[in-house]
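J.: Listed here are the chains, written in short residue letters.
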Amino acid sequence: MSNLAQKVALLARLHLPDDRASATQADLEKVLDYVKQLESVDLPDDTEPFFGAIESVNAIRNDEVLPSTERETILANSPDSDGQFYKVPPVF
Amino acid sequence: MQIENLSAVEIVAKIKSGEVTAVQCAEHFLGRTGELNDANGAYLSTCDAAAMAAAEAVDADRAVGKTLGPLAGLPVAVKDGICTRDQTTTAGSKMLSKFVPSYDATIVQKLKSAGAIVIGKTNMDEFAMGSSTESSAYFPAKNPWNHDHVPGGSSGGSATAVAAAMAPVSIGSDTGGSIRQPASFCGITGLKPTYGRVSRFGLIAFASSLDQIGPMTHTAEDAALVMQTIAGHDPRDSTSAVDAVPDFSATLNQRLDGVKIGVCVDHFGDGVSESVRAKVDAAIEVLKALGAETQEIQLPYTKYAIAAYYVIAPCEASSNLSRFDGVRYTNRSAAANLADMYTHTRGEFFGNEVKNRILLGTYALSSGYYDAYYLKASKVRRMIKNDYDKAFASVDLILGPTVPSTAFKFGEHAADPIAMYLADIYTVSANLAGVPAISIPCGFDDAQLPIGLQLQANRFNESAILQAAHQYQTQTDFHLRRPE
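Just so you know, the sequences run in chain order A and B.
Counted the way our numbering counts, the first sequence spans residues 1 to 92.
Counted the way our numbering counts, the second sequence spans residues 1 to 484.
These are computed hints drawn from the structure, not numbers from a lab.
Glycine residues also receive a C-beta, built at the ideal position from the N, C-alpha and C atoms.
One should not assume that every hint holds.
As the list claims (entries may be wrong) - Below 30 Å or equal to it, Euclidean Cα-Cα: the simulated DSS-like pairs (lysine-lysine) are:
id : chain 1 : residue 1 : chain 2 : residue 2
1  : B       : Lys260    : B       : Lys385
2  : A       : Lys30     : B       : Lys409
3  : A       : Lys30     : B       : Lys303
To be verified - Derived, one-sided and incomplete: chain A residues facing chain B with beta-carbon distance under 7 Å:
id : residue
4  : Gln25
5  : Leu43
6  : Phe51
7  : Asp63
8  : Val65
9  : Pro67
10 : Thr69
11 : Thr73
12 : Pro79
13 : Ser81
14 : Gly83
15 : Gln84
16 : Phe85
Claimed, not checked - Computed Cβ-Cβ distance ranges for the label pairs, DEER-style:
id : chain 1 : residue 1 : chain 2 : residue 2 : range
17 : B       : Asp270    : A       : Asn3      : 35 to 43 Å
18 : A       : Asp63     : B       : Arg481    : 28 to 36 Å
19 : A       : Glu70     : B       : Pro235    : 33 to 41 Å
20 : B       : Ala49     : A       : Asn3      : 29 to 37 Å
21 : A       : Ala76     : B       : Glu296    : 52 to 60 Å
22 : A       : Asp33     : B       : Glu56     : 40 to 48 Å
23 : B       : Ala372    : A       : Ile60     : 29 to 37 Å
24 : B       : Lys66     : A       : Pro90     : 55 to 63 Å
Let the hints inform the model, and build the full structure from the sequences given.
T.: Below is the structure:
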């Protein structure tokens with residue numbers, strides 16, 4: 001599993017410095033080794049996955065217009081904005 | 001009268017009667033926090049000015065004869081992963097070091113509407129990922145019973161705040177045991193309600209199908225009081241349940257005659273320390289004397305709970321935490337292009353444990369691995385839920401230790417993440433199945449560290465848990481003991 005940590009870090013958009021890569025790799029391997037036991041769990045053939053703790057029906061509500069948070073308030077937490085939109089570095 | 005030794009129920013009554021004022025209470029707990037926080041790290045921030053203003057408003061309302069809310073004047077500490085308007089909310093992370101929410105979480109809004117005074121934000125493992133607060137990006141909280149030991153986590157600051165009487169009540173969140181495990185380690189009462197019973201709107205999400213907010217208190221009676229305010233459907237959380245909220249205090253004083261308690265034999269395995277086993281056995285005798293009947297039950301698939309949890313929770317976390325990308329939440333690393341900005345912001349501002357879990361989740365959900373990890377874990381989760389359904393067909397409550405041991409020392413599990421994860425071995429199943437569960441103090445080990453008893457009930461039956469816990473607390477005084 002060499003370089004697994006760095007490969008996954010790329011997918012997760014997470015910079016992993018070289019000096020952390022081997023320790024992170026070791027931690028990941030320990031957890032993956034542990035969860036490997038799931039492979040050998042025998043389940044009845046028709047077992048449906050359970051994704052949420054409450055199997056509720058669709059939660060619907062009336063389509064009412066309610067006040068939204070002010071743009072200015074939301075942008076107050078942004079690292080950079082022009083007062084209208086978030087500003088980010090160039091894509092390319 | 002020492003205000004810090006009063007229960008929440010007593011504080012509310014005394015404020016109502018005028019024996020103490022809301023301002024006196026707020027000043028008292030903020031004063032204790034000022035004195036003690038350097039030593040035990042319970043709080044990441046306090047809300048002194050807003051708290052005093054709110055307390056003055058309660059006293060003013062009382063002076064003119066207005067009807068006071070059910071929690072009027074009660075100081076409450078809130079976990080820092082829960083949004084508080086105009087009060088920095090960091091979730092224990094450097095990523096959110098400057099984040100000031102523009103709104104209150106629904107539970108904070110409800111607490112304030114009921115008259116409660118939010119006095120501060122409590123320390124936690126970063127984004128609630130941890131069992132010791134050692135993953136807090138700021139400083140660890142300390143166990144008030146012994147500062148060499150962890151308070152548990154992730155709601156460790158909330159547990160420390162109550163145990164050290166820096167707040168009569170705190171709010172935590174529990175994804176795999178994060179209310180109950182620290183409650184056990186710190187000798188207090190901690191309730192994880194049924195999934196959906198309490199709104200998660202404004203809770204910074206870790207694993208959305210598992211997260212649940214709940215009260216951390218000295219007594220079960222106090223937990224019932226707080227639950228009455230925070231429970232209920234919220235149109236802003238579509239997963240919050242529409243089920244009617246019962247009067248949680250109404251059944252507290254009923255004895256346990258005819259109540260069937262299942263003693264989970266799977267929770268008394270080799271990993272349980274002798275002192276924990278002995279105290280939990282003694283608690284069973286107390287409950288029997290109160291009229292409860294016990295029988296052995298099994299939850300055979302719960303032995304896979306930690307494995308399933310450490311697939312499911314990281315998968316959900318990797319998705320939830322993708323929002324922290326340097327665009328919207330205050331902190332950003334300098335970079336020449338957008339992709340590098342994302343990558344470096346997340347690399348710089350997330351701590352190691354959070355990174356590990358994001359990577360685990362990303363790996364488990366990556367192409368080709370979905371069936372082996374997430375799908376298989378979710379099928380095992382089904383079997384765990386079925387175990388509970390089967391058990392609750394014959395018993396009202398399931399009993400066992402909350403944690404196999406008492407609080408471990410700082411650094412004890414630093415080299416082995418699995419050892420740390422196993423601190424949640426008896427608590428994660430309740431999150432996977434969505435059932436409510438409480439930890440209450442049931443004794444101390446030889447080192448005078450607290451031991452917790454866990455009681456679980458079927459979905460939406462918090463009342464049965466609170467009744468049994470309160471009845472137990474009428475016969476014991478472990479919940480009244482305080483660290484020196």
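J.: Run every hint past the structure and note whether it holds.
T.: Against the structure, the hints come out as follows:
1. B:Lys260 - B:Lys385: Holds, at roughly 20 Å.
2. A:Lys30 - B:Lys409: With Cα atoms ~22 Å apart, A:Lys30 and B:Lys409 stay inside 30 Å; holds.
3. A:Lys30 - B:Lys303: With Cα atoms ~18 Å apart, A:Lys30 and B:Lys303 stay inside 30 Å; holds.
4. Gln25: 10 Å, violated
5. Leu43: 5 Å, holds
6. Phe51: 6 Å, holds
7. Asp63: Since chain B brings no Cβ nearer than about 12 Å to A:Asp63, farther than 7 Å, the hint is violated.
8. Val65: 14 Å, violated
9. Pro67: 12 Å, violated
10. Thr69: Holds, about 6 Å.
11. Thr73: Hint holds; A:Thr73 Cβ to chain B Cβ min 5 Å, cut 7 Å.
12. Pro79: 4 Å, holds
13. Ser81: Violated. Min distance 10 Å.
14. Gly83: 15 Å, violated
15. Gln84: 15 Å, violated
16. Phe85: 10 Å, violated
17. B:Asp270 - A:Asn3: 35 to 43 Å: Since the Cβ atoms of B:Asp270 and A:Asn3 sit about 37 Å apart, the hinted range of 35 to 43 Å holds.
18. A:Asp63 - B:Arg481: 28 to 36 Å: 54 Å, violated
19. A:Glu70 - B:Pro235: 33 to 41 Å: 21 Å, violated
20. B:Ala49 - A:Asn3: 29 to 37 Å: 51 Å, violated
21. A:Ala76 - B:Glu296: 52 to 60 Å: 57 Å, holds
22. A:Asp33 - B:Glu56: 40 to 48 Å: Since A:Asp33 and B:Glu56 have Cβ atoms about 57 Å apart, the given range 40 to 48 Å is violated.
23. B:Ala372 - A:Ile60: 29 to 37 Å: Hint holds: Cβ distance 35 Å, inside 29 to 37 Å.
24. B:Lys66 - A:Pro90: 55 to 63 Å: 57 Å, holds
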